[in-house]
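Each chain, letter by letter, is given below.
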Amino acid sequence: MINPVLLIAIPLLLAFVSILYKGYRNNLLVFGALVNAGLVLTLGKGEYLIGGFKPPFGINLVLDDYAFLGLLVINGLFLLITLMSLDKIGENATVLLVALAGLNGLLLTGDLFNLFVFLEITAITAYILSASSRQYQHSFNYLVLGTLGSGLYLFGLILLYAVFGSLNMADLSLKMATADTSQLVIPSLLIFIGLGVEVKILPFNGWVRGVYGNSDSLVGPLFSAVYAGAMLLVFGRIFAQVIPLGAYLKTLLLLLGALTLIAGELAALSKTRIREILLYSSIGQSGLIVTLFLSGLVFPAVMQLFNNILSKAVLFTVAGQMADTTGTDDAEALQGAFARHKLAGVAFTIAGLSLIGMPLFYGFVSKINLLFGVFSLDNYWLPGVILLGTVIEGTYLIRLLVKLWMPGEEGLVSHESHATKAPLEIQRARVMGIVVLSAVLLVGGLMPGMIQNNLSESGRLLDETTPVYLFDLKGGQ
Amino acid sequence: MIQYAGILLILIGIYGLLTETNLIKIIVSLNVFELGLNVFIISVGFVREGVAPILTSVNNHSGLVFVDPLPQALVLTAIVIGLGTTALGLAFARRIYMKHGTLNIEEIGGGIND
Amino acid sequence: MNLMNFVYAFLLLLAAFVFQTTLTGINRKVVARLQRRRGPRFYQQFIDIFKALSKGSTTHGWVFDFGVVMALGGIMATAIFIPFGPLKAVPAMDNIFIIAYVLAVGMLGMAMSASGSGNPWASIGVSRALTNMLAYDIPFMMVVFGLIFAFDTSSLSGLAAIQREGGFLGWHVIRFPLGGIVAMISLQGMLGKKPFDSFIAPAEIASGPMVEYGGRHLGMLFLLHEFSTFIEVSLIVHLFFGGGATVAAFLVKYALIYTFLNIVSNVLPRFKIDQAVTFFYKVPLALAVVQTFLIIVVGMGVA
Amino acid sequence: MTFDILIVLMFLGAVTAYLVSKADLKAGAYATVLFSLGALVLLLLGRGEIGSEFTILFMGFEVTTIGWYFSGVMVLVYAMTAFFNSYWMDKMIYPGSYNFLYLFSLGGTVGLFFAKDLITLFIFWEIVVWSSTFIVPMGKSRRAAVVYYTISTIGSMATLYGIMLLHRISGTLDIQGAFAPLKNDPVLATVIFFIFIMAGLTKIGIFPFHIWLPLAHGSAPHTFSPVLSGGLVKMGAFIAYMSVGILPAYEAFKGSLTVMGIPIQIYALMILGAVSIVLGTLMAIKQDDAKKLIAYSSVANGGYILIGILLMDQLAFAGSMMHLFNHAIASAAAFLAIAVVAHRTGTTKISELGGMIHRMPLTYLTYLIAIISLAGIPPMGGFVSKWLIIQGLADQGLMFMALAAFFGSIGSFLYVFRPLAAVFLGQLAPRHEELASAPLLMKIPMTILMVLILFFGVLPGWILGIIGQIQVAAGIEPVMMSGNSILAVNGVLNTLNVFMVFGFGFLIALVIFMLMQKSRRVGLMDTYTSAEFIYTPELYHYGSAFYAPFERLYARHPSVEDFLMALAYKGHEAGLMVNALFFSHKPGVTVFWITVIVAVVTLGGVGL
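Residue numbers (the working numbering), protein chains in the order written: chain A, 1 to 477; chain B, 478 to 591; chain C, 592 to 894; chain D, 895 to 1502.
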């Protein structure tokens, strides 16, 4: 059995090596990503001690289905995105290796403080990567907010420690289960805000617009898919599995999540720059996923999370590429851009439709499942909010897709001659990458059983009561 | 009592973050915030009359009250991380100054064309 | 439907034509007397029609001809459905909705032919005629709707028979006076009499739809006019004045009503087309809705 | 076996058509003809298999009579329209994708009607929505596609909510079983009824969701407007039928307040239907674009269909079911005729055309017969169905519905006549002198549709027989036929007799016409002109503002479209507000919000 700590150690080691052998940085990065992706497949589930102390005293890595699934997708996406955008990496290879280590650590750790450390490592790499846009004020903003957020997280964590005397997640969750929830309000809130900065919950996410809005075809998909995915999974780990929320705080946080969903989608509706539309859509999706996690619907949340990050990887790659090569990502200026880039356009379209939750694509499977989940809680306002979000999201995404596919003025038949003259180019590697990703979304939608059974296994382990709409059965259960 | 000092520092730090427009001062505020946090963490582990949790030839009997060593360990880590972020923040501040010629955040602008 | 039906239908058509054309002639005289003139001979209308039919004419293309044939054909088909007093050429086909819609075939044919002439005056006339129809038909149909609901039949002869059961007082015009008023006003509109004749008035837009016609086309339109008058007035006689137990009773009622309307027409000025619409939607429609409401909800007047 | 082949074949056909289009565009268009005709043949062959069940992937299907009927209507419209596709291949920006999406949406519609469970229904529903959403913007407007998509999605998301709620209540997704618990719970039934029918209302284009029809139908590619108007709109009727017939609404609302014997819930929707009729008619009258005009007429006809379905009785329901078919083929025929005009002249603006009859008589005839049916004039199919609906209304005494129905009926004479007069009749502009008539492949479907419209107007027995079966399956009394007579409560309609009498009248008129002196043929400009000299045919043509005096009466009407657009703009503004409130490059803004949240939660927590 391979110790999953290698997933953290190998990229970290390679990061140091890459400083020494600058000429081989990119090779080392690809190697590290490949090794990690390969290693994930061979991992055995279980708990692994670090340093020989047994929990709750020592630090342990927990590799359950949840973590395994997260590792699989995050490492896979990391590899794919690196391969797609090798030309964009430049000096960031070392940073990316550290980031990979940090991300894996986030998903694996079973200790709250250890999580803080990985959070900071990952965040620092994110600050550095965000600076590749040369818009330092946004990186600075991100840095201040990120640091403040993790400070608040640390604050909440230490309050928990002061009350319960433990930092081990499993141990804490046992102790907190019987605790008076009013004791938990402040620490939970602080932890929520701390993670909220990273997972883009509404009033804490002021940095997102500057950072995502200026991202290129490497940083964009990396942030919106890999980082966002890992952070949301961490959020789910903490709030769905460790910290029990009292009714008061739960209601407030649910409202905040729902607010994030609607506000994010509305903001996206009002934008015309593609990356801005997408970043607000990411915010909205985060709100949705957070809401699901807070409701205790781990399995649907994870499904929706994967749908979101797989789609966003495609969308941000194309959007970043547009901005990189044409200098603008305004939808108006780029109308008809897909007329000359059909394959990329098809991948973009599939990702967009999957994000909306259209049938035949994976997003539909996750949408149906999450609705089943929410209804099973006898919650009748939340699905309304979610569906409203879907309507708004569909509107701006379809508007965007139509704009990018069909050039032409109102009142005139759409014709290629109206298409943008901007020198848009999409490298073959990127096209192949996004085609692979969209194919995954398509297969997941056509044969949901295949992916779903793997998912549901972990979903069941996490939460026996979450209903699962099994597409294998005729017409579901 | 010491935890109140910590909380006060945290609040001062947040006040600084809210009001300061100078990048350097923002970083200083952030540091004050972290400092307060660290002080608070230490205070959590503090036990009145407690001794350092090290078994020595003097302190080796079961009647002893130790202070909690864990928060101290945590603070060490936090300080290191804080140092890293401060350094990075200063580096950003320098780059911003080179690009915009000012450290005042009001004068920099959003950089997003809307 | 067998051959006898068609022969019967043809005879009834002929009777309707002779009767209505005579009546038109008589009315020309009545109107003349109103205006202190002597007026033409009572058979002048026959002379006009046959003269027009026998004269040469011009045509503007096949749709110009086809429309006229379709119009006259449609109107004659409608006239066949109308019970001639107690006589019916085709059994069980005097359904009011069928008649209302078959009537439209003729209208459409005429409109098509007129527009096919290429003369914009004709198109303007058609546009006014159709607008006029939208105005008068809805109050009328509303009243009819109430009657059908009240007596569970949409057959003209059926509705007429029900009225005759109560003698003179059983007439719908007595039992449903509001409906009767609406129907009379609408009939004025249907017939294109003043004050609702702005679509066809010679002084307004060169006769409107008729502007291009001459010779046999015009003659056929004269015929069409006689038949459509027959249909429209018969409708009212059957719906509100007890129809006719005998042919004679029917014809007398018919003649009186037609003459009355003609006299009314000749003392009134003319509405502009939008004024006509506003009028119909303000007064008759409101009355019709009240009447129908009384019938359906209150049951007033329904024995 | 036939039906699973049918559904799969359509999706395979979509891919095939795309691949063939890559090799040769025309061939790809012909592939759409072949596949949609194949679907028609399969449907007709498979009539004996009604009642069978099958599964494809994870989706369950059941063949019902009503499903068979609806998909028959749909496939017929698709197949007829497909003949036109080849002529637009070189004008379309993505002809291959058009062919693909054309058959793809056909597959979606066919599958929809055979769905056995609600999720399958929803899957196919959404497939149709997104595949047609991408065809619409290939035409004249991108905005139309977005409005179409948004309105459709508002409906389908509401319905999805209803589906989920049903599943929560009944524990099953099977269409028959899911509605079962509602019979005894009027409150719940009311909620589900209004939520579930939303997709239907938006798709039919019932007020206030009608705004997408003129936009999308009016600006979609000319070859897709017939499908949108004749076909896809009818999907909404299916959902409406489910909400009333399968729920079953009348049983569930037994204890409710009633208006003329109709439960108030259903009556409320009927009012919407009536408003749609009036509004569609008024708007159609003032349109200058022929396609928009027919689109608004679809709004009005959708109102009839909805009212009839909601009545769920012997007559109006049968009329509504038949009207669905009649309107589908008549509206498709009208759109196709306009498409021919657009193909030859490049415009659909009524005021820019005129005298087309002299260049394309068959197209004119198609349009004429289509509009006669649309206006409900005998001897066409539309007459039979409208007659049934009005008989049903009279039977129930629904006077306000009847008022709307009469207004719509007579108003339809006005609006259908307008393109007839101004596009096909009147003066022929000199620039159109040299136009050719419709190409052969266009003539085929137009002729077929003409024959069908006339045939089912004269002999509606076959179709009413099927409708009778549908009614029996829905548990209501079937429409009665005796020979060629339709027996309604208040009267009898013998369509064959009507046709024969009409023929007799026509014959007499023809004889009179023939017997008289021959006429001299003169040109169109040789007319009465008040002794003016005229030289410019275009100027001597009455085409624009046709009903100006009438239009003036409601020129300043309140517009629900403006209201909805204002609402959308409010959403836009809210988005900008979010952007301005929370997003900045200054950390202080976010820190402020963090302090606010901490303060609110803490103080709120203290208060507890």
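The set of hints was computed from the structure by calculation and includes no laboratory data.
Incorrect hints may appear among the rest.
[Unchecked claim] Straight line, CA to CA, 27 Å or less: simulated DSS-like cross-link-like pairs of lysine-lysine:
| id | chain 1 | residue 1 | chain 2 | residue 2 |
| --- | --- | --- | --- | --- |
| 1 | C | Lys784 | C | Lys873 |
| 2 | D | Lys1412 | C | Lys646 |
| 3 | A | Lys88 | B | Lys576 |
| 4 | A | Lys175 | A | Lys250 |
| 5 | B | Lys502 | D | Lys1480 |
[Claimed, not checked] So the derived label-pair ranges between C-beta atoms look like this:
| id | chain 1 | residue 1 | chain 2 | residue 2 | range |
| --- | --- | --- | --- | --- | --- |
| 6 | C | Gln626 | D | Pro1324 | 41 to 51 Å |
| 7 | B | Leu485 | A | Val17 | 18 to 28 Å |
| 8 | A | Leu174 | D | Ala1460 | 49 to 59 Å |
| 9 | C | Gln626 | D | Tyr1422 | 25 to 35 Å |
| 10 | A | Gly38 | D | Glu1455 | 31 to 41 Å |
| 11 | C | Arg629 | D | Tyr1422 | 44 to 54 Å |
| 12 | A | Asn27 | D | Ile899 | 28 to 38 Å |
| 13 | A | Thr42 | D | Arg941 | 50 to 60 Å |
| 14 | C | Lys873 | D | Glu1467 | 49 to 59 Å |
| 15 | A | Lys342 | D | Thr1341 | 33 to 43 Å |
| 16 | C | Asn857 | D | Gly1240 | 13 to 23 Å |
| 17 | C | Ser645 | D | Ala1425 | 57 to 67 Å |
| 18 | D | Ala1460 | B | Leu485 | 44 to 54 Å |
All C-beta atoms in this analysis are idealised placements derived from N, C-alpha and C, irrespective of residue type, glycine included.
| said: Name the hints, by number, that the structure is in violation of. | reply: 7, 10, 11, 12, 14, 16, 17
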